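Same order as they appear, the protein sequences are chains A and B. Each residue of the first sequence is one higher than the one before, counting from 0 in numbering that gives the first Met the number 0. Each residue of the second sequence is one higher than the one before, counting from 0 in numbering that gives the first Met the number 0.
Hints were generated in silico from the structure; no laboratory data involved. Note that the structure is a prediction, hence the values are computed from the model and not measured. Be aware that one or more of the hints could be misleading.
To be verified - The list that follows gives simulated cross-link-like pairs (lysine-lysine, DSS-like), each with its CA atoms no further than 27 Å apart:
1) A:K429 - B:K135
2) A:K54 - A:K3
3) A:K120 - A:K157
4) A:K163 - A:K148
5) A:K433 - B:K107
6) B:K112 - A:K405
7) B:K77 - A:K408
8) B:K107 - A:K438
9) B:K107 - A:K408
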Amino acid sequence: MSLKEKLVSSFLAFELDADINSDVHDIRSKSIKEFEKIGFPDKKHEYWKYTPIKKVLNEKLTIFKKKRHLIEFEKVKDFFLGGIESYKIVLIDGMYDPLWSNTTHKGADICILSSVLENEKYSNVISKYFNKIIDHKESFSLLNSSFSKEGAYIHVPKNIELDKPIEIIHINSGGESSLMLQPRNLIILEKGSKAQIVESHYSLIGNNISPYTFPGYIDPLTNTLTEIHLEENANLDYYKIQNDLETTSIIDNTYINQKKNSTASCHTFSFGGNIVRNNLNFFQNGKNINSIMKGITILGSNQHTDHHTLVHHASPNCESYQEYKGIYNDKSTGVFNGKVVVDKIAQKINAFQQNNNLLVGDHSSVNTKPQLEIFADDVKCSHGCTIGQLDKSALFYLKTRGIAEKEAKGLLTYAFANNVLENVKMQVLKTKIKKIIAKKIGVNLGFEL
Amino acid sequence: MLKIQNLHVSIEDKAILNGLNLEVNPGEVHAIMGPNGSGKSTLSAVIAGNEDYEVTKGNIFYKDENIEDLSAEERAHKGIFMSFQYPVEIPGVTVTNFIKTAINSNLKARGLKEMPANEMLKNIRNKAALLEIDSKFLSRSLNEGFSGGEKKRNEIFQMAMLNPTLAILDETDSGLDIDALRIVANGVNKLRNENNAIIVITHYQRLLDHIIPDYVHVLQDGKIAKSGDKNLALQLEEKGYDWI
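Bound conformation, chain A alone (with noise of 0.2 Å):
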């Protein structure tokens, strides 16, 4: 049996227990049928062109979970911000762990999306936000959508500013082989309301402290969706951290719908990972609305991540602002592809686009691609890219005061990399990330970050 074969016939027994006449069965069970359908993409799409996702698309790769893995703090400890307090949604092998987790239902929600989908309390909001900007014709998001469940639900009401950031920590326990992985994740963010998230994957296997390590053991494969809605002057700083294992594999799928004045940034740290695609969708419905997409992407062995942005510009005086930056050593590879859609109404916007690129590695390469589709007249498109090594003479200045070859690359390496982080504003992520890109580049920089 094929894998999609499988994953269709999985879903009846996924939803034995499911309220039929519920609109959430209702919207899994369509989605089903379309990705039925459609099937997986391979690289005569176009838009998988370049990452060959049939590499991870293991046919032994199931939904379901044999057991509950319990871990020690000790061993995930790492795995949170620290030095601050924040709410925490932490899912062990796709599961919900309450023991590290801190959710709320004071001043706004912030809980598990399975406590909400189909309870009665919330059913409003649910059929308001949920599953109502998704590409129907994407293959990892219909399956996202089959398999909706688990995964992180925040709900910001109007004028309110959370006191703290929102912690969501995906970690796979390495204690069950094969799993495909579908958290979902909905947040809505009402008028005039403010929050930081930041959302991680780690793993426990491969740091040699998983007490679950077993022959055999075939690395998970996590299909995420995040939805996120804007109300007016909502403002929101997403964070993605990609710093699982070598050999796990991440599908990202993210849509954020701006209503006007609000603002949205989201930054994407990729260090981890066997193959990762990161499908990032902005649409802008209203004026004056600001969408940021920074990214920061080291590599190293025969990694690859693949980046592709959306952003819609469906309203006048807009902004979108994205730079990625990537770092590939030995034989990894990557792609960067930023698609701009401005449409005939939205004029006086301003988008830029930047993606440089280090090829570090003899073998490494990157692809790299601006798609604008302009429909107005009187709009600001910039783009531009660059892939190259580092500056000899920078690194001749810097051995010239004494600083060994390895470490002046790797200052080099560092500052390259660095002006991304300049947007972070919470001040314990931006020394982690320092801290992760340090350890990444291989050397000590010599001085506290």
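Put chain B on the given structure of chain A with help from the hints.
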């Protein structure tokens, strides 16, 4: 301290220096002047260890050691310093962090312990004061958005911190207004002593009004065409290079 014998240097098969000789002793300041393209910057780059340049013939001895096979960082560890005409910008690394990294790299290479933080701070403050650099400047990213004057002051600040035995100042006066020139020259003069030597590479005589050289050399067509004392610089200012 520095003995250059019959030095021939090329870059990408193009000969730039053709049999240059130079001897610099402790306590001396040498000025090297010459028209554009005469090889001035090549000479400084070769002494500092830039691997883009190929020494095809001749030798460079520093403290009686042939330094041909030493990397730029090894030369720095032995006390050679070069102030750049165009210092490199490094976003995200502050002046303070950069100089700390440099100082500790040198100490480590010499088998010494890292400098304690309080001593480092004191040192940084003293040397910054010498170049009239205020503390805000020290927490800015290295050379990023610096004016020409700030960049050059920062170069001499690094020189003061690293305390080299041989310093080569490559066109340190370019892009400086008269006040910045005075501050930079003043800084250099305070660092002069009987144990170190300075090579000043410049187009113009005006820097030599402030940093008085013991010797002036004219570099032309890849060799020293004429040597003299500080008066030679004045003559060049008046008559240009054609009369040599």
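Original post:
Hey, A:K163 versus A:K148, does the alpha-carbon distance stay inside 27 Å?
Top reply: OK: A:K163 and A:K148 at ~25 Å, within 27 Å.
Original post:
Does A:K433 pair with B:K107 here, judged by a C-alpha cut-off of 27 Å?
Top reply: holds (24 Å)
**OP:** Starting from A:K429, check that the Cα of B:K135 is at most 27 Å away, please.
**Re:** Holds, at about 22 Å.
Subject >> Holds or violated: B:K112 to A:K405, with C-alpha atoms at most 27 Å apart >> reply: It holds: about 20 Å lies between the C-alpha atoms, which stays within 27 Å.
Original post:
Taken at face value, is the distance from the CA of A:K408 to the CA of B:K107 at most 27 Å?
Top reply: Holds, at roughly 18 Å.
Original post:
Does A:K408 lie within 27 Å of B:K77 when you go C-alpha to C-alpha?
Top reply: holds (21 Å)
Subject >> Pairwise hint evaluation, A:K157 against A:K120, where the allowed Cα distance is 27 Å at most >> reply: holds (18 Å)
**OP:** Sort out whether A:K438 lies within 27 Å of B:K107, counting only the CA atoms.
**Re:** Holds - the C-alpha atoms of A:K438 and B:K107 are around 21 Å apart, at most 27 Å.
Original post:
Is A:K54 within 27 Å of A:K3, Cα to Cα?
Top reply: holds (14 Å)
Checked against the numbered hints listed earlier, the structure breaks none of them; every hint is satisfied.
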